[in-house]
Amino acid sequence: MKFRPYGKFGKKDKKTILLVSVILGILIPYLAGGFYLLWHLPYEATMAGYDIDRSQLIDANYTAMAGWADEFNLYYENNNTPLDYVLTVYWNDTSYTNITRYGTAGDATIWTGMMLMAQSLHYAAAVKTGVQSKIDDALRLAERALRGVSILMAVPSGGIGEGYPAMIARSVTPKNWTEVGGAPVDAYDYENPEEMDADDIFEGTGAYSDWWWKGYPSTDQWSGIFLGLGQCARVFMQDTHPETQWIRTRVRDLAIQIIEGFIRSNWMILDQTEEGNSRTTGQDFKLSIEMAGIWLLSILKMGMAACPERYTDLYYHYALERNYINIIEHDLRIFNLMNFYSFNINYNMLVNLVSLEEDPSLRIRYENIVTNIWYPIIRLERNAWFNTGYLYMMQKSGPTEYTEADNLIVEDIEDQMMRFNETRLPNNTTRIPERGGDQNPVPYEYYNPIDKYVENPIINLLYGWVLSMINKSVYEYAKTTDMYHSEDFFWQRTPWEIREERASDRLRQDSGLAYLLPYYIGRYLNIFSEEG
Amino acid sequence: MSGIQTKIEFQSFSVKRFVAMLLLLIVGVLNFIIFGIDFGRHISTGSIMTFEGPSYFYASGLLPTIVAIFLLLYCLLSYFKGSIVEEGNALILTETRFRKKIETNLEKKKIVRMFLTNNEDGIKYLWLFLFVPYIIINYYYMMLNFYQPFIIGVVNITAITILISILLSAIALIILYAFPQWYLRIYTNKGTYELWFEPPRKKIREIALNLGIIQGERKELVEINPLKNFSKRHLLIASIFLGYGIFNVVCYMTTFALFQTIVCYFLIFIGIYLISAELRKLPLPVKSNGPGTVQYHLKSKYYQQFFFLNKTEKREVGYQHIDFEVFWGICTGALFMFIIFKIVQIWMILNSYNLLILLDNAILMTLIGGGILFLLGFHILVPEKTLFFRTVNFSVETPFLKSKERETSSIKENLTNIKAAFKRNFQDPALKKKFIKRIIFIISASIIGIIVLLWEYFFYFNLFNLFNF
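Protein sequence lines, in the order shown, are assigned to chains A and B. The opening position of the first sequence corresponds to residue 1 in our numbering, with each subsequent residue numbered one higher. The opening position of the second sequence corresponds to residue 1 in our numbering, with each subsequent residue numbered one higher.
Hints are computed from structural coordinates only; laboratory data are not their basis. Heads up, some of the hints might be wrong.
Stated by the list, open to error - Using 16 Å as the maximum straight-line C-alpha spacing, the simulated EDC-like pairs for lysine to aspartate or glutamate come out as follows:
1. A/LYS2 - B/GLU103
2. A/LYS2 - B/GLU95
3. B/LYS124 - B/ASP360
4. A/LYS175 - A/GLU203
5. A/LYS2 - B/GLU194
6. B/LYS7 - B/GLU103
7. B/LYS385 - B/ASP323
8. B/LYS109 - B/GLU86
9. B/LYS301 - B/GLU278
Okay, chain A solo, but in the shape it has when bound (with noise of 0.2 Å):
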């Protein structure tokens, strides 16, 4: 039996609680500074380091401008997108003249949505020149991108509509696509369909049941989905043209199936087996550790601006009782050092969910939000993206509202818009802007923050371990886009480590879209004109 005398405690209880206080009180502590340390040092290695140097900014040439964003969009309509998609081209060598096959597969879908939000703003800008051969160019680019967007939903859905469930591919393929005369794309294996990775390549459901898909999406390729839709709303709901009704009722439609299917999944995102049944892949975009409050804001914004009547109360009731405009500050600064691609597919949520928001007081929150949390941790990466997203997601909509650290912004803009012609173009061919290869090697100075605290003999000894697992080679200066190889998306690449080229980067053209994103936005913008 068990005595206990009368009274609170009994000795042995005030032992066991003393002892297990301060276990508690040294245990704590020491983790809290392990866990300052990993998250700090990332901070003081990218967002300290220096002052960008106006002296070695190229001034722009917008008709040189103008000029390269032709040519990028010649190519990705006649060689990147066979398929409405965006893929990467793999030419058979250096002569670039015939294509061996299609790459980056399994990322298709992210660039794909980017890409119709460049287009969108490609149509917007076109518009406002006025001159109708233009304007029907860039309603030809965007129908593509949301073409592309389309059939990525649509093989694996079944089709385009309410009805549907909300699945995504990350690439798409006809079964008898080389036969027809495609290269092949990569992650299909047109000749042995058996032998193929029957967990991630599945049969298109319904009526594309001639087609196959690659599953298993991720975040990474919705954010690309959700941007790409909800900034074609924003530009051609608003239009009234009858030609662009196709892209009205498609983004609709799009948009409430992807909206839908998400509420009946609790959020999570959907594949599918090797039966034939779905299953979940583990993220979700409800707020947790993992997700900021910005996913789920950003997708029914996306779907408000595509469908205000409908979803325009779950916004607010996501936004305001849920709470989650108070969670949009995701700590994100330990992305400078590892994984940086997710500052991209986190940028892309936010500057849908901004740039789409019109309620003065949620405005006012996701400025403060965007200017005080997120943009000190990527002003410094030399990204064009990022910057002009920053504009844009700020509603500066020309010179007269710039500060003077807008002003700084724009020229540093510019000179990474005007970069991609140097060394980027090789022999003098400007049809490669995205061709790997040739470029820039990254100047070998390096600052090395970390050091500093290794050298400490006290921190070194209690948190020797923790110092080790951070990448201690961090440029002093960020990377420009000179020095990139050739990638899908360069500015979804870290700017302050290298990386080492491989073969296949010299035979690769990619889609345009590091280029054609930042322009089209900067042309909306009024940050670059036509001519000058």
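Chain B: place on chain A using the hints.
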């Protein structure tokens, strides 16, 4: 005296916990077989939590497995052979655990009170804290899997497995929470002796009879028949809290819901706690059965209590607040904090853009949230008529069951009774002290809610938001 032997021997094995363990083990094994314990991309029944995350086992199978292992160890380690022997002036209780004998030697004259019951709460509400969130979270996982496409003509194995897991876990929860083991507490002049055990059912009466010695005296047991004596007040609060909590949980996944699921957890905790307390309530005598030691045997269909009092004990009827134990502290604090937070928040965020969208919800939230807090405040602040058993050193209270005002159905009379009970807070100094303490507690919880809200609003402090789920 009939039924009393000089020595009684018994074996204690926690059968109820063993049954609960078996149920939870079935859940664990089922989840293990169906979902596996992998992380990654190719789990055909789906992943949770993160990209290429763990299988559903970690949501619906892990907790039951851990609890089952814990219960299995508990059942094995808590098994003992016991004996009660009366020797001269001593009552000797012996437990033989793994061949190790533990003897507790009690001087009969120093035993001042004892009771033996299978109705003792202890900290059993922790089972609620553990399993209610488990059931709610898995309910969401189950529903989203039932909603999934491409299942036509195929058994939705994920959803069905989760459904079975929820049902079996709920049964285990009922066993663990509502059917405690036997609990013996012996009060002496120096302290108390406690023992949780589970002897064979037919031996209970014998054990009780052998134990029933207070200050060296023994008397016949007085049997008390069960009475239907549900407290309307408790049942009303329980049904409102439980009903709204479940309604809000169901709404939360697919449509609008006024409060976060964390609020629902506490509403459901309180609802189950009160209903369970009512169902387990045992009648108590209000009249003395003559001089000498009194031994009562109280029983209902499932519960019994052997209650041994000394003749010197005093019985009186008075007013008493509900016992504000840790359970009520946690639940009241959390509900006042979260609900005040939400109500203040929604009025703060109304503006000309969202006025029409949010005003109806603001009003509804204020009414429902205010109603919940009013009932909760009423429950912990308005004293109940109570029967006290008092001695020099101890005081035991139990709700006064024969109170006439309980039986009236007249609203007016009930209100008058409530008013009279509430006034007692200011008439009796002891009640007044408790009343003030509880008011301070409630106001503090509410202020914390508001401070966190203001902090969050102006400084973007986001820890509080993690409780959104």
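How the hints compare with the structure:
With a CA separation close to 11 Å, the supplied pair A/LYS2 and B/GLU103 stays within the 16 Å bound. Among the hinted pairs, A/LYS2 with B/GLU95 is consistent with the structure: their alpha-carbon atoms are about 11 Å apart, no more than 16 Å. A C-alpha spacing of about 40 Å is found between B/LYS124 and B/ASP360, which places the hinted pair above 16 Å, so the restraint is violated. Simply put, A/LYS175 and A/GLU203 have alpha-carbon atoms about 9 Å apart, close enough for the 16 Å limit, and the pair holds.
For the suggested pair A/LYS2 and B/GLU194, the alpha carbons sit about 5 Å apart, so the restraint of at most 16 Å is met. This hinted pair checks out: B/LYS7 and B/GLU103 have alpha carbons roughly 14 Å apart, not beyond 16 Å. Proximity of B/LYS385 to B/ASP323 is assessed by CA-CA distance (about 13 Å); at most 16 Å being required, the pair is judged to hold. Of the pairs offered as hints, the one joining B/LYS109 and B/GLU86 holds, with about 12 Å between alpha carbons and a cut-off of 16 Å not exceeded.
About 13 Å separates the Cα atoms of B/LYS301 and B/GLU278, which keeps this hinted pair within 16 Å; it holds.
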